[in-house]
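Student: Here the structure of chain S is known, so what remains is to put chain G in place on it, guided by the hints.
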Amino acid sequence: MSVLDEILFAIVALGTGLGAVGVVFTRNIVRQAVCLLFTLIGISMLYFLLGAEFVGATQLIVYVGGTMVLVIFGVMLTARQEFVTIRATPVEWFTAGLLGLGLFTILAKTLPALESNASEKGQLPSTGPIGVAFLTKYLLPFEAISLHLLVVLIGAAYLARAKKRPSDLPKIPLEKEEK
Amino acid sequence: MFSNLLRDCQLALPELILSGAIILFLLARLFSTVRRLQIVVPAVIGVAIALGISIDSWSEIASRSQLAFGGLLRFDGFGLFTRIFLLLATMVTLLTGLMTGIPDREDSADYVTLLLGSTVGLMFLASSHHLLMLFLSAEMASLPAYALTGFFKGKRKGSEAALKYVVYGSAASGVMLYGISLVCAVTASASFSELQRVIYIDRDNLNLNGLIGAVLIFVGLGFKLAIVPFHFWGPDAFEGAPAEVAGFLSVASKGAALAITARFLLALVGPYSFENAYINMIVTGIVLGFTGTLTATFGNLMALKQTNLKRLLAYSTIAHAGIMLLAMIPLQNRAMAPILYYLIGYLPANLGIFAAIALIRNHMNSEAISTLAGLGTRSPAIAAALTFFLLSLLGLPPLVGFITKFQIFVSIYEMGALTGGLDLLKIISISVLVIAGLNTAIGAGYYLKLIKYMYLHESPPEAPKIPLHLGYQIFFAILVGTVVGLGIMIDPVTKLTRLAANSLEVIWK
Numbered sequence: 024m025s026v027l028d029e030i031l032f033a034i035v036a037l038g039t040g041l042g043a044v045g046v047v048f049t050r051n052i053v054r055q056a057v058c059l060l061f062t063l064i065g066i067s068m069l070y071f072l073l074g075a076e077f078v079g080a081t082q083l084i085v086y087v088g089g090t091m092v093l094v095i096f097g098v099m100l101t102a103r104q105e106f107v108t109i110r111a112t113p114v115e116w117f118t119a120g121l122l123g124l125g126l127f128t129i130l131a132k133t134l135p136a137l138e139s140n141a142s143e144k145g146q147l148p149s150t151g152p153i154g155v156a157f158l159t160k161y162l163l164p165f166e167a168i169s170l171h172l173l174v175v176l177i178g179a180a181y182l183a184r185a186k187k188r189p190s191d192l193p194k195i196p197l198e199k200e201e202k
Numbered sequence: 019m020f021s022n023l024l025r026d027c028q029l030a031l032p033e034l035i036l037s038g039a040i041i042l043f044l045l046a047r048l049f050s051t052v053r054r055l056q057i058v059v060p061a062v063i064g065v066a067i068a069l070g071i072s073i074d075s076w077s078e079i080a081s082r083s084q085l086a087f088g089g090l091l092r093f094d095g096f097g098l099f100t101r102i103f104l105l106l107a108t109m110v111t112l113l114t115g116l117m118t119g120i121p122d123r124e125d126s127a128d129y130v131t132l133l134l135g136s137t138v139g140l141m142f143l144a145s146s147h148h149l150l151m152l153f154l155s156a157e158m159a160s161l162p163a164y165a166l167t168g169f170f171k172g173k174r175k176g177s178e179a180a181l182k183y184v185v186y187g188s189a190a191s192g193v194m195l196y197g198i199s200l201v202c203a204v205t206a207s208a209s210f211s212e213l214q215r216v217i218y219i220d221r222d223n224l225n226l227n228g229l230i231g232a233v234l235i236f237v238g239l240g241f242k243l244a245i246v247p248f249h250f251w252g253p254d255a256f257e258g259a260p261a262e263v264a265g266f267l268s269v270a271s272k273g274a275a276l277a278i279t280a281r282f283l284l285a286l287v288g289p290y291s292f293e294n295a296y297i298n299m300i301v302t303g304i305v306l307g308f309t310g311t312l313t314a315t316f317g318n319l320m321a322l323k324q325t326n327l328k329r330l331l332a333y334s335t336i337a338h339a340g341i342m343l344l345a346m347i348p349l350q351n352r353a354m355a356p357i358l359y360y361l362i363g364y365l366p367a368n369l370g371i372f373a374a375i376a377l378i379r380n381h382m383n384s385e386a387i388s389t390l391a392g393l394g395t396r397s398p399a400i401a402a403a404l405t406f407f408l409l410s411l412l413g414l415p416p417l418v419g420f421i422t423k424f425q426i427f428v429s430i431y432e433m434g435a436l437t438g439g440l441d442l443l444k445i446i447s448i449s450v451l452v453i454a455g456l457n458t459a460i461g462a463g464y465y466l467k468l469i470k471y472m473y474l475h476e477s478p479p480e481a482p483k484i485p486l487h488l489g490y491q492i493f494f495a496i497l498v499g500t501v502v503g504l505g506i507m508i509d510p511v512t513k514l515t516r517l518a519a520n521s522l523e524v525i526w527k
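Protein chains in written order, with my numbering: chain S, 24 to 202; chain G, 19 to 527.
Treat the hints as calculated values from the structure; they're not laboratory data.
Don't be surprised by glycine CBs; every beta carbon is placed ideally from N, CA and C.
Wrong hints could be hidden among the right ones.
[Claimed, not checked] Which bits of chain S does chain G cover? Going by a derived footprint, with three or more residues having C-beta under 8 Å, they are:
id, stretch
1, 128–136
2, 164–172
3, 175–184
Isolated chain S, as found in the complex (with noise of 0.2 Å):
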């Protein structure tokens, strides 16, 4: 690592965390989005810093381009008054920190024993390579993530439908509501 790359990487962690904590300790939800878009594209700079060009990318475009404004559509859209703020309670701010105290500590066990194995073997492998293991070695995963992605489509189709109720069609026997 040269001296450049320590800066950089420094540079780059402290936004990324700095979005993190702002998620956490803002209390607007609109807020809370931003700060989080800020953490997202930290860690894409992150996987840039690394070399992975390909997962930076794809971190930015799923992650900040779609899930973000997907949040904040659906933020801006469904927040009533109610929900603007987000106000967590003492046992909530406890078990909070006790997961987030416990992953803390296996990350913190585990992260620094790990040797690395990616920078012995030099470049990280970019879109060409990662194209062609798509449809060699792994085509069977690409292929079913299609087709998986096509029913989950079609789920979310069907959850957002409204149900018509044509009179020549069966009724469905609904469950009456419990209490």
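Tutor: Coordinates of chain G only, in the frame set by chain S:
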């Protein structure tokens, strides 16, 4: 390369047929005449073709193990057995839907797509030989299941259940993914062939990263299996989901999850010749024994005080998952044979119960246990079928539930008795047997309570009779026949399950 691909596609032909059916049903909706048809019938035909091909390939695949798709999947007797089981479960679920009118014509295409999509995922899951494929197929199976759980869109409970299932499910997937990345970092490979090096570096040095990774993957699998303490989604999801879907979740999802757990654990322990196999086995066995007894006891105790039929069955499913974990403790190929036997015995009994619940719900608009009151006089056929199913789940001879429990207890006992000198295994085996026996007794409490409701309680005055068309009389008769037949034809079935389990031999790189 391409000849390999052709061979691999041939091995995965049933999955390909289901995938083709999904796309076909999607395209069929472009035509307005087809759009109004009930799609469940063609789906049953599609599943039947896939089933026929699977059964036909038995003699060819069952006796040997082969890796396919670059080592991502593994086709062997164990996988084939599980895939046949999954196809059967899907078929029965579809037929139940046809009987109860869930889905109606308008929604049938969506329902079928989601169900088949989930089945394809489960089938891939059952033959995974790679952590990438394990994760991917688990997601493939789960996401449609989340949508199916909320299939009654207008129902608050259904939507709530689906949301809970999604949130907990994604968290569990995240945990599993973290475990997978840890294991990959340790072995520099995600293939199951490398897993036996994960827990111990050599005889004396525990590999903490690998151990944590393996435990996290087990947590993810445990969520799919609904074992304690990752069970909390189960009762809520079952209560909110339509009974048809709940049956599918409790039989098919659990079957595939059990199969992959067995594969994962066997690969983790490694073959007998492997130097760390014994110590791996002790570590894994203690974890299994602990979670298994906890799960079985908790599930049974909670089931005792339920008032909703589906919640009760959810806890019964949890308890059965616990017993299955105990059955895995010997961690050898042949110990997996009783599990396969259990799965095919569990299928007709549990799906039959859920089909009956769906029928009762259609006519009485409720799923409380009290709806069963007086069923023996109102609808003697359904009550009789239910009695058979419940007694089989309880494990009464000559029904199939008895012989599966018996085989499991024998295999646990053998582990303790035949490995002379290893005291730790003996202690594990005896304590597990005692707890499993106690659990069967607790189970009697709630299974018999349901039967008592059906025959000894007066039916409420306004309770309707539940009509059963001839087709569905045959449907229930076949399920009951299977429950009895599998309990009597012990030798041929045991032979099949042993053959399938023997193909689990760990493949070395």
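Student: Are the hints correct? Go through all of them and say.
Tutor: How the hints compare with the structure:
no.: 1; hint: 128–136; in the structure: holds (count 4)
no.: 2; hint: 164–172; in the structure: holds (count 5)
no.: 3; hint: 175–184; in the structure: holds (count 7)
Every hint from the earlier list agrees with this structure, and none is contradicted.
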